[in-house]
Amino acid sequence: MTKKCVGCGAVFQTSEINKPGFVEKENFEKSLVCQRCFKIKHYGDYQIIKKDKKDYKKIFDEIKSKNELILFLCDILTLDESLKELNNFKGRVILVITKKDLLPKSVKENKLLNYIKNNYNLDVVSILFVSSVKNYNLDVLMGLIYKYKKSNKVYLVGNTNAGKSTLINAIIKSYSEKNSLITTSILPATTLDVIEIKLNDKITLIDTPGIVSEDNFLSDEEAKNVKIITPKVEIKPITFQMKPNQSIIIGNFARIDYLSSHNNSFTLYVANKVAVKRINLNTNNSLRNLTKHTFSIKERSDVVINGLCFCKIVSEANINIYVKDNVKVFIRPNLI
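Taking this note's numbering, the leading residue of the sequence shown gets 1, the next gets one more, and so forth.
Hints are not guaranteed to be accurate.
Cross-link-like lysine-lysine pairs, in silico, DSS-like; alpha carbons within 30 Å at most [to be verified]:
{"hint": "1", "residue 1": "K236", "residue 2": "K117"}
{"hint": "2", "residue 1": "K273", "residue 2": "K328"}
{"hint": "3", "residue 1": "K153", "residue 2": "K198"}
{"hint": "4", "residue 1": "K66", "residue 2": "K3"}
Pair by pair, the computed Cβ-Cβ distance ranges are [unchecked claim]:
{"hint": "5", "residue 1": "N263", "residue 2": "K236", "range": "48 to 54 Å"}
{"hint": "6", "residue 1": "T294", "residue 2": "K227", "range": "17 to 23 Å"}
{"hint": "7", "residue 1": "K3", "residue 2": "S126", "range": "35 to 41 Å"}
{"hint": "8", "residue 1": "K198", "residue 2": "N119", "range": "19 to 25 Å"}
Hints are computed from structural coordinates only; laboratory data are not their basis.
Cβ atoms here follow ideal geometry from the backbone N, Cα and C, with glycine treated the same way.
Make the full structure from the sequences, and use the hints.
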């Protein structure tokens with residue numbers, strides 16, 4: 001008999017403890033979740049399981065070709081050009097922006113909405129900000145689901161750690177009598193396979209493994225660092241009035257060298273647990289052993305270290321960014 005873990009979607013097996021879906025033989029019949037999900041939920045003990053990224057891509061490509069309603073979740077902190085991928089979906093798409101509550105309360109939703117519309121030219125039926133923690137806009141989201149769904153099936157997709165499983169759990173608690181919840185974790189690749197959750201006779205939510213972004217800072221990062229880097233509460237921005245020949249050190253993770261000859265203003269948006277300091281560019285070589293990225297940027301631009309932070313820069317600037325290899329660093333217009 002084939003059984004699936006209701007927490008991560010992996011097929012149960014009893015032979016290989018380090019593979020997805022492992023349960024002890026004596027627990028096979030009565031278990032609802034695999035051993036890995038049980039340990040994540042009850043002990044915070046996260047076991048990294050490597051799956052072939054081709055498996056994730058196959059699932060994603062199949063969903064792109066379906067004429068069904070898609071909820072595409074995107075973390076507000078990681079907005080980039082990859083959003084334009086939504087225009088390649090056959091079905092209707094609702095862009096669901098998560099974790100807005102991590103930005104300062106002074107950042108208005110309408111401004112962020114206009115930013116997305118003006119910069120990404122998306123073919124979607126709606127853009128909605130939600131907070132699974134605060135149940136913000138869940139009623140609105142459910143209304144949109146009923147309005148735009150093609151059948152009973154509604155797919156949730158997005159990058160790993162975008163909050164798909166957390167959103168589904170919030171919906172289950174508010175709109176279903178089910179007791180079983182999907183396993184969630186701040187660490188990447190918690191969901192391993194497709195999970196179907198029948199809310200009622202009219203809606204079945206289908207959770208999918210997160211799209212693995214190899215150029216994200218969190219990819220292959222140690223669990224202890226992921227817990228530091230991933231913000232859980234409202235970010236408190238840190239502003240530095242930068243003078244020539246100054247640098248910013250971001251924990252043990254990245255360095256920004258300011259190379260221009262005029263004063264400037266840098267505002268860093270990073271998890272509050274990450275220690276940040278300003279140093280002398282010429283006398284401190286910390287983190288210069290990391291991979292260097294060089295930019296000449298226009299005024300009112302953000303430099304984004306994918307998965308770690310972004311820095312709002314007011315005036316034109318020449319900068320060097322030092323960060324570990326393979327992490328995407330890019331420039332965009334000021335989000336805030």
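Against the structure, the hints come out as follows:
1. K236 <-> K117: holds (26 Å)
2. K273 <-> K328: holds (22 Å)
3. K153 <-> K198: Since the Cα atoms of K153 and K198 sit roughly 9 Å apart, the hinted pair holds (cutoff 30 Å).
4. K66 <-> K3: OK: K66 and K3 at ~26 Å, within 30 Å.
5. N263 <-> K236: 48 to 54 Å: Given a distance of about 23 Å, which is not inside 48 to 54 Å, the answer is violated.
6. T294 <-> K227: 17 to 23 Å: About 31 Å separates the Cβ atoms of T294 and K227, which means 17 to 23 Å is violated.
7. K3 <-> S126: 35 to 41 Å: Taking Cβ atoms as reference, K3 and S126 lie about 36 Å apart, which means the hint holds.
8. K198 <-> N119: 19 to 25 Å: 37 Å Cβ-Cβ, so the 19 to 25 Å window is violated.
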